[in-house]
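Engineer: Listed here are the chains, written in short residue letters.
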Amino acid sequence: MITKTSFSRRRFLKTSLASIVALTTSTGLAAQLQLANALGAQSSARFNDHKAIVCIFLYGGHDSFNLLVPTASGEYNNYAQTRQSLAIPLEELIDLQQNDVMHLGVPQSADALADLFNRGRASVVSNMGPMIAPATKSELLNNTRLQPPQLFSHNDQQTLWQSGLADTNIVSGWGGRMADLVMDTDTSLPLSFSLGGTNLFQRGRIAQQYAMNKDGVEQFGALNPEHSWNDTRIAHYLRVFEAADDPFTRTYAQKLKNVRTNNTLLNSGLSSVANTDIDYREAGDLGDQLKMIARMIEAQASLNQPRQIFFASLGGFDTHDDQAYLLPRLQQTLSHALAGFDADLQARGIAQNVVTFTQSEFGRTLTSNGDGTDHGWAGHQIIMGDAIDGGRIFGHMPEQVINTVDDFGDGRMIPTTSIDQFGAQIAQWFGLGTSEINDVFPNLNRFGAADFSLFR
Amino acid sequence: MKAIWVCLFASMLLGCGGGGSSDSPSPSNVITNPNTTPSTTPSTTPSTTPTTTPTTPIDRSTTPQDAARLLTQATFGPTKAEIDAVASQGIEMWIEEQFDAPQSHHRAQTLAIFNADDNARIENGAELPWSGHRYAAWSEIALHGEDQLRQRVAFALSQLFVISDKSALDNSHLDIATYYDGLADYAFGNYRDLLEFVTLSPAMGVYLNMLGNEKPDEDNNIRPDENFAREVMQLFTIGLDELNLDGSLKIQNGQPIPTYDIDTVKAYAHVFTGWHFYGTTYNTWDNWWQNRNFRNQMVLIPEYHAQDVRKALLNGVVVEAGTDGERAMQMALDSLFEHPNVGPFVARHLIQRLVTSNPSPDYIARTAQVFNDNGAGGRGDLGAVVKQILLDEEARQPRADQAPEFGKIKEPLIRGIQMIRAFGIYEPNTPKPQWYDYVFNQSPLSSPSVFNFFSDSFTPAGQLNEMGLVAPELEIINDTYMVRNSNHAAWWSIWTPSTQEIDAGHERAMTIDFTPFISMLQNDPAELLDYLDLVLLSGGMNDTMREAILDYDQVAKEWLSDVERVKEMTFMVTGSPQFAVQR
Numbered sequence: 424m425i426t427k428t429s430f431s432r433r434r435f436l437k438t439s440l441a442s443i444v445a446l447t448t449s450t451g452l453a454a455q456l457q458l459a460n461a462l463g464a465q466s467s468a469r470f471n472d473h474k475a476i477v478c479i480f481l482y483g484g485h486d487s488f489n490l491l492v493p494t495a496s497g498e499y500n501n502y503a504q505t506r507q508s509l510a511i512p513l514e515e516l517i518d519l520q521q522n523d524v525m526h527l528g529v530p531q532s533a534d535a536l537a538d539l540f541n542r543g544r545a546s547v548v549s550n551m552g553p554m555i556a557p558a559t560k561s562e563l564l565n566n567t568r569l570q571p572p573q574l575f576s577h578n579d580q581q582t583l584w585q586s587g588l589a590d591t592n593i594v595s596g597w598g599g600r601m602a603d604l605v606m607d608t609d610t611s612l613p614l615s616f617s618l619g620g621t622n623l624f625q626r627g628r629i630a631q632q633y634a635m636n637k638d639g640v641e642q643f644g645a646l647n648p649e650h651s652w653n654d655t656r657i658a659h660y661l662r663v664f665e666a667a668d669d670p671f672t673r674t675y676a677q678k679l680k681n682v683r684t685n686n687t688l689l690n691s692g693l694s695s696v697a698n699t700d701i702d703y704r705e706a707g708d709l710g711d712q713l714k715m716i717a718r719m720i721e722a723q724a725s726l727n728q729p730r731q732i733f734f735a736s737l738g739g740f741d742t743h744d745d746q747a748y749l750l751p752r753l754q755q756t757l758s759h760a761l762a763g764f765d766a767d768l769q770a771r772g773i774a775q776n777v778v779t780f781t782q783s784e785f786g787r788t789l790t791s792n793g794d795g796t797d798h799g800w801a802g803h804q805i806i807m808g809d810a811i812d813g814g815r816i817f818g819h820m821p822e823q824v825i826n827t828v829d830d831f832g833d834g835r836m837i838p839t840t841s842i843d844q845f846g847a848q849i850a851q852w853f854g855l856g857t858s859e860i861n862d863v864f865p866n867l868n869r870f871g872a873a874d875f876s877l878f879r
Numbered sequence: 008m009k010a011i012w013v014c015l016f017a018s019m020l021l022g023c024g025g026g027g028s029s030d031s032p033s034p035s036n037v038i039t040n041p042n043t044t045p046s047t048t049p050s051t052t053p054s055t056t057p058t059t060t061p062t063t064p065i066d067r068s069t070t071p072q073d074a075a076r077l078l079t080q081a082t083f084g085p086t087k088a089e090i091d092a093v094a095s096q097g098i099e100m101w102i103e104e105q106f107d108a109p110q111s112h113h114r115a116q117t118l119a120i121f122n123a124d125d126n127a128r129i130e131n132g133a134e135l136p137w138s139g140h141r142y143a144a145w146s147e148i149a150l151h152g153e154d155q156l157r158q159r160v161a162f163a164l165s166q167l168f169v170i171s172d173k174s175a176l177d178n179s180h181l182d183i184a185t186y187y188d189g190l191a192d193y194a195f196g197n198y199r200d201l202l203e204f205v206t207l208s209p210a211m212g213v214y215l216n217m218l219g220n221e222k223p224d225e226d227n228n229i230r231p232d233e234n235f236a237r238e239v240m241q242l243f244t245i246g247l248d249e250l251n252l253d254g255s256l257k258i259q260n261g262q263p264i265p266t267y268d269i270d271t272v273k274a275y276a277h278v279f280t281g282w283h284f285y286g287t288t289y290n291t292w293d294n295w296w297q298n299r300n301f302r303n304q305m306v307l308i309p310e311y312h313a314q315d316v317r318k319a320l321l322n323g324v325v326v327e328a329g330t331d332g333e334r335a336m337q338m339a340l341d342s343l344f345e346h347p348n349v350g351p352f353v354a355r356h357l358i359q360r361l362v363t364s365n366p367s368p369d370y371i372a373r374t375a376q377v378f379n380d381n382g383a384g385g386r387g388d389l390g391a392v393v394k395q396i397l398l399d400e401e402a403r404q405p406r407a408d409q410a411p412e413f414g415k416i417k418e419p420l421i422r423g424i425q426m427i428r429a430f431g432i433y434e435p436n437t438p439k440p441q442w443y444d445y446v447f448n449q450s451p452l453s454s455p456s457v458f459n460f461f462s463d464s465f466t467p468a469g470q471l472n473e474m475g476l477v478a479p480e481l482e483i484i485n486d487t488y489m490v491r492n493s494n495h496a497a498w499w500s501i502w503t504p505s506t507q508e509i510d511a512g513h514e515r516a517m518t519i520d521f522t523p524f525i526s527m528l529q530n531d532p533a534e535l536l537d538y539l540d541l542v543l544l545s546g547g548m549n550d551t552m553r554e555a556i557l558d559y560d561q562v563a564k565e566w567l568s569d570v571e572r573v574k575e576m577t578f579m580v581t582g583s584p585q586f587a588v589q590r
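Top line first, the protein sequences correspond to chains A and B. With the numbering used here applied, the first sequence covers 424 to 879. With the numbering used here applied, the second sequence covers 8 to 590.
No wet-lab data here; the hints were simulated from the structure. In this text, all values refer to a predicted model and were calculated from it rather than measured experimentally. Among these hints, one or two may not hold up.
With a cut-off of at most 30 Å between alpha-carbon atoms, the simulated DSSO-like pairs for lysine-lysine come out as follows [said to hold, decoys possible]:
#1 A/Lys680 / A/Lys637
#2 A/Lys637 / B/Lys173
#3 B/Lys564 / B/Lys87
#4 B/Lys257 / B/Lys222
#5 A/Lys680 / B/Lys564
#6 B/Lys222 / A/Lys560
Between beta-carbon pairs, the in silico distance windows are [as the list claims (entries may be wrong)]:
#7 A/Gly639 / B/Thr551: 32 to 42 Å
#8 B/Ile264 / A/Pro557: 22 to 32 Å
#9 A/Asn826 / B/Ile264: 42 to 52 Å
#10 B/Glu345 / A/Asn522: 55 to 65 Å
#11 B/Gln409 / A/Lys560: 35 to 45 Å
#12 B/Arg317 / A/Asp523: 44 to 54 Å
#13 A/Gln531 / B/Val324: 46 to 56 Å
#14 B/Ala175 / A/Asn826: 46 to 56 Å
Just so you know, even glycine gets a beta-carbon here, dropped at the ideal spot from N, CA and C.
Chain B extracted, bound-state conformation:
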């Protein structure tokens, strides 16, 4: 039974089989880089935002616990080394360094993993990467990338500007990786630039049907497709109802105020006509596959644009009849960007993905304010917004001061990565393709619909509902996935072979060197538990939990070896409800 288990989960996260034997590892828990490093040619777009005059951030050291909490919010999981670094240099300096860290690239990494995969290319004759190559690239970057903050923000943005391979893009994994790299490009840039990138992205064009959208043809009862027009407002920029700066609904006569109606959707739908793959011409408009190009942004073919229609957009902006399509597009994007909803809408989303599911109105307002004006008159400065979110008093409050409603359920995929990052990884071989839906019910840019993996307002029945609190992530952690997450933690904590146990004939992509943890245990089990508490729970373990785990070790040591005791103690933390939560 156990052997079958190991192989089943190994194929999820490690990759069973294949040829080659692993090298003899050097005992170390330092994170190593993957064999193939993608070339990093940063492709930043000049920002039009006036930026604040750079000042030297105050060198302010902090506690290891707060450093761990920050890293849980801002990376794919703390490591002991990074906790120590942040604790001594201070959070603000760490953030500034992260702004300059070299960027990891998903497209190049996907290609590298695919090119090294003989099973896919040769035995299966694949000409293009599979989804599993892209997911493995994503997790390699999450595990090893230096640009942790940028990648964490990009992941959050991928849940706002959603595209998914569960669509017509189901064989376009390099193209989806290109889109993801674009989100990462703009993670600290300007929201207006990001919105334009997304709108003119051919991947988005295919996903929400703007690509190839045509002006009306009344004789044939054809109107422009409304999909992108509706979702760009509902999901990417302003939402359904007018908001105050603090994210609360504006109320008129006891009712919320809708931001737009069907006529607004139609007006934007008319603006979003005439766009197609780069390289398309008037004559080749219908030759969809001939023109396929996912590297460049879409271009306008004026003959297919609804130029002669007057379009009444948001905020009183009117695109008069006769306006050319490119000008109309800029006006439309500006009208969305300038809407007062955008600040609180984006603020709430980013706070929910990074810090807490139920931010206070003041926290949203402080963050939205920075979106509206970064301190130097610039609107839409995402770098400033991210910095504000992480440095805000609500994110940084010590545990003792936290309100009960602070915190969030971790996204299952992030929790899985955290668990692995905490231990250090040895990788003798190039990563194999990985698939994460089975265990985590989520994979990057693979949500069931443009509505992301879960609803931002999901609240489960019970205490959270009674308190008026949302817990979006619980929508995908249902009965089936509760068990699978637990089993995954168990597999990783208990059944992953250590470097000491490695079977030379059985190729492993990742494994753990338990040597340092065994010495901690032998010194004092509480010392190991302290380490797990700091790196996995940011020091939040209470005495009841501590006693329970130490009691277990006292009993279990009668029949378990030292390395087995280390693994059991690890599972008691990684499989715990406490580890599922971030506070």
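Pulled out of the complex, with its shape left as it was, chain A reads as follows:
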């Protein structure tokens, strides 16, 4: 039966990294680690500095064109004419100080973001999205094969953003493929941690993600190895694990075993790292995710993890309805979370090691459905950190007018920067070499280098 899974398996088997003998689960982890050893040097030997990247995924499709609003009178009037009831009043916009593109402002609710930007802590990559290859509007309209598959479908576009490959049959993410290349082989502890749910972004061909919650690592009760009264129970329980004799039970047992091992490692790594007093100003669950991430990054040394990849998420951006009420609140949460996280990292003395960026499955239509917007294509993303050239707008900033060369239809904007180009620069900062970067982003050579550098 040909399924999407089958397709991805065939592609998987063809790629250079994947000419692997089938792995049996009983030796699964050891075999996987041996393979990783063959792929690249262990990160603890390879790197003598510490770096971490943090991906914040905005689920639902963020109307980021209503985060960066033109403020010069001609451009503002065009924007207001296009957006109608969803246009933000001019007097409510806070100026972004930059000379890269047209004058822009952000809404009051995102004042913390404006502050980060104007202090040079954060920048914006504009009009970005999944692309098969660079293409003009007429080329796209004349040749559907240049359009990424299943545009405007939430789960497919989430896949394209997280995989970094404009092909929905891929089952690995660009963060995961980076982890494949730098993961340590003599530990079972992944270097990828998710506070924002199971995701494709951190999934490598071999590298796994470790799910944590905002309170840290979940503690076993009856199977807690730290209490000797559990020893006999645990000993026999492990024999029950070994009795597993079908693929599903073996998979579950293996995962449970890994959890036991990794929990112990993480508990000891985190034990020396405290919470700070930084006020994330009601950044809600996203703020809590980032707080724990900050602790985990500070624990890099005690965990012996010179490289880490984190995933956080914020949902609710699918503002088909009631956008004027919902979107400012979401943008405020995001802004406060970013500002709190930046301050937290600086207080811990680790801000130079961290790059944080947003992704979202699409921007939204410039036209409305009355009180909301529908699924679009290109959107703007935020990138933050000491190493970033802050206070910049990178890439082309389209005017908010429909029926232009930037408009695919109904105000769904055609991207002018690809995810490949964006991710490749982050991968380079992270410490990957050129051929490694091309392995993570196999389609990169279709685009050429971006005409900007995100990093100072």
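Given the coordinates of chain A, assemble chain B onto it according to the supplied hints.
Structural biologist: Leaving out everything else, chain B in the frame of chain A:
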């Protein structure tokens, strides 16, 4: 530490505190009904499907193991009594009886639990039920409802026609329960009726924005909202790509064939305009809250419908300009219903929720065939489809004949309920509100998005991926929830007080009478283990696992009492990876 634990988890599943003492229980492991029984006025809609001439199902007894396997697929968990009943009467007769079992009602049950909750109503001044009341109603029905099969199918349908309280519906729990009752109404009915119910449901209208959707207004750059139009195709009926009868993708020039494009979405979006709460008029269209009515299906206000637009739908169906909105709606629903994808699309979903994550193409094809024609020319007969799924050779094959790729990871919420149903429950008091997200990462009609709790094509790295197998449920059982599920099993198996240990001053909503299990153990520990094997693992425990658990009991009996030995043995099964899997 233990005391804190007990209280923490008790508040999840039992409800600590509150007044009143429990009555002295009668020693029995028979499942008792909750104190308040909802009135059961079945609201079935006349089906338009021609049905097969009813014949007396063949009375065919079966093994206890297969009976247990069937009950694991078709209910919220086997009990010894039901295993014996199914084993003697046969599966087909059991299914027929289930078709006629009186229906449980979520809305009434939610209200009953809320009305009995002084803490919510009086101390907290709640005027409407909380989510916890609805979740507790759901679990009461799952634990005690006679209509197990209908409710299990309704739960599966709630993961196809998804709405969620993680949305604008976050304070509308009675209304969500009404929607759930509707899904249960149609569980054995006709898919076309179910699709219409869902489409015109005001709860769905709010969730996917069809309610209040307006025709275009070009002067203001307003087009109709596309959310429902897209998701009704992608998630509820046909999916993204054209399918063969066996669920495989049709391929053209090496590529799958998309079922629709953006223009199709727009066309349906134009059909789905002009609908609002029952009782709305042209003049009150914008008075959203004044018109609030979640009991009746939505109605059309023609002035807001995009009547003058020609809409090219699927399958060459065209709604010509000038067609009235109600006629256009029927044409649109028919066009979805008649699409050849629906059979395999629905078949695969139901099989995945009930039986196995990776059905063979033939199993899907046999099931889709029944969807297309129930044997009497009727299309969309869900009762026939459910019966086919459960009686199919792939579902019924004995363990020895099962392929390695057969089976599935149990949904965490269902596994939790199974564990409790297996033991019999004593309930001295009305259930308290319950919240399940913390332990199970899922609650009924509370998924993070319209994409349900997990993706039907999720495959974890490792052996399953290598074998090309999906295991959707593992997407929500991550490192955190692996531990919480294990702890929940431990709490329930080891630390739940038995009726013998009950503290009269400490109110408990549920507890277990361990008396029969203690006698089994005293007779022979293997006898207790056999019981656990049958009821929890459908007889699938292998010798290695059996030896490990009996060895543990031999060692542990040096320092444990009999009731403690029973609990430890229980945990060795309920906390095992084997119990997490259904085969």
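Engineer: Within a Cα-Cα threshold of 30 Å, do A/Lys680 and A/Lys637 meet the stated pairing?
Structural biologist: The hint holds at about 22 Å.
Engineer: Should the hint that B/Glu345 and A/Asn522 are 55 to 65 Å apart at their CB atoms be regarded as holding?
Structural biologist: This hint holds: roughly 59 Å between Cβ atoms.
Engineer: Does the alpha-carbon distance linking B/Lys564 and B/Lys87 stay inside the 30 Å limit?
Structural biologist: holds (26 Å)
Engineer: Can you confirm whether the C-alpha distance between A/Lys680 and B/Lys564 stays at or below 30 Å?
Structural biologist: holds (27 Å)
Engineer: Evaluate the given range 46 to 56 Å for the C-beta pair formed by B/Ala175 and A/Asn826.
Structural biologist: violated (33 Å)
Engineer: Verify the proposed pairing of B/Lys222 with A/Lys560, using a straight-line Cα cut of 30 Å.
Structural biologist: With a Cα-Cα distance of about 28 Å, the restraint between B/Lys222 and A/Lys560 holds, given a limit of 30 Å.
Engineer: Given the hint that B/Lys257 pairs with B/Lys222, does the C-alpha gap stay at or below 30 Å?
Structural biologist: violated (35 Å)
Engineer: Taking 32 to 42 Å as the hint, is the beta-carbon distance of A/Gly639 and B/Thr551 inside that range?
Structural biologist: holds (35 Å)
Engineer: Should the hint that B/Ile264 and A/Pro557 are 22 to 32 Å apart at their CB atoms be regarded as holding?
Structural biologist: Given about 27 Å between the Cβ atoms, the range holds.
Engineer: Honestly, do A/Gln531 and B/Val324 meet the 46 to 56 Å range at C-beta?
Structural biologist: holds (48 Å)
Engineer: Is it true that B/Arg317 and A/Asp523 lie within 44 to 54 Å of each other by Cβ?
Structural biologist: Holds - the Cβ-Cβ distance for B/Arg317 and A/Asp523, about 45 Å, lies within 44 to 54 Å.
Engineer: Do the alpha carbons of A/Lys637 and B/Lys173 lie within 30 Å of each other, as the hint requires?
Structural biologist: holds (20 Å)
Of the hints listed earlier, those the structure fails to meet are numbers 4, 9, 11, 14, in rising order.
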